[in-house]
Amino acid sequence: MDVLPQLLPIILLSLSVSGVALAIATLIGLPLGALLALRPVPGKRFWELLIYTGMGLPPVVVGLFVYLLLSRSGPLGWLGWLFTAPAMITAQVIIALPMVAGLALTAVEGLDPSLRLQLRALGASPNQVMWTLLGEARSGVLSAIVAAFGSIISEVGAVMLVGGNIEGQTRVLTTAIVLETRQGEFGLALALGTVLLTLTFIINYWLVRAGQRRETAAWRAEARPGR
Amino acid sequence: MTTGPAGALYSLRAVTKSYAGRAVLDLAALEIERGEALALVGPSGAGKSTLLRLLNFLEPPSAGELRFRGQPVAAEPPLDLLRRVTTVFQRPVLLQQSVRDNVAYGLKLRGLAVDGRVDAALEQVGLQALARQPAHKLSGGEMQRAALARALVLEPEVLLLDEPTANLDPYNVGLIERIVSDQNRARGTTVVMVTHNVFQARRLATRVGLLLGGQLVELAPTDLFFEAPRDPRTAAFVRGEMVY
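Heads up: the sequence lines are chains A and B, in that order.
Straight run, no breaks: the first sequence in the numbering used here ends on number 221.
Straight run, no breaks: the second sequence in the numbering used here ends on number 264.
Derived by calculation from the structure, the hints in this document are not laboratory data.
We treat Cβ as the ideally placed atom computed from N, Cα and C, and that holds for glycine.
It is possible that part of the hints are untrue.
Stated by the list, open to error - Here's a subset of chain B near chain A, in silico, CB distances under 8 Å, partners left out:
#: 1; residue: T70
#: 2; residue: L78
#: 3; residue: Y125
#: 4; residue: L132
#: 5; residue: V178
Let the hints inform the model, and build the full structure from the sequences given.
So this is what it looks like as structure tokens:
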């Protein structure tokens, strides 16, 4: 089948752009969310509100913002990133970051408030407290990562604007679906949509299994002897 | 010279602690000696748990001077100082891990090998058979014993206990009291415990202090505290009367 050689680079680019964006958003978002939950940050409520507002950012608005930032006359135009994968990653990080930080914040705030004090009493440094609490809130943290991945792998507005849907360079699954639909190639568009859904399902399944494995390792128990 | 008397592990002078402008602790002076077992008794809201948080360096005093081994304690104490002391709380919150991993947690924090000490601590509290159990499946008494094990495995210089046997059955109360007593008498660990149970204070402590309204009403060797209290409020408290 001669569609596969055309499809494979699109799938790989979709996965790499969203994968890198998710990794960056996770690395920044988890500590950021935990920091806001745990530390007396000045203007905490304002930052929380900003993050929660960011969770609802329309991707096309993010795309427009990044476009203006990276356009030749923009403040970061000298990077020469417009219509390249780094521009798409930048836009997707902006979309995913508030989601990861906001949901991590909620997850950490939902833990028993006494736990933090008890960890400190056991000699945990502030950083050790933060990572332990993120581990304790792992269900919420996992939800944050899954939700963020879902939002960026499926978004089209931002990557279309800043990537330009250039064949072989910036075409990803969602922009390819838009293109094929516009050209009346509904069969191919549906096939691409199916590929996107299948990929999302497989990755979410893998993420959820990874989370469950961590829990199972902790919970694997011998039969409890009677007392 | 403002250091406490020779041998005093803690020295508190004119220490106060307030939350939102409300004073909950106001201690003129308190010295805690190395290796002693000090019980703090008093009604709820007397400032006992607040005092334990200060002694564990989890919070700084609002005013006054807190010294440990003769050295003033900074508002943000260094980690090595924090790690000399640990607290077992009335309602322990265990991590969503196995009992063994919970006990090993403090060692991992310190970058120490998780070795036979964990098994020894579990054996000490009688939980070795449940080591691989998820901690959240333990009963209340077992949870408290696991919390005690995760503190003991660290071999702390000071063990603080915040009503460690409240709401526990007699079996677990006896077990925990025996372990605490052994830790203090055989291993020389300084113990400061908060308890509502005056009988427990009498069984375990070498000195007993009564806190009322954030102030230390009386601090005396256990026998004197119970047999010949100087303050009428202490006498009333010992008799089981309500004092405020």
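task = Sort out which numbered hints this structure fails and list those numbers smallest first.
result = 1, 4, 5
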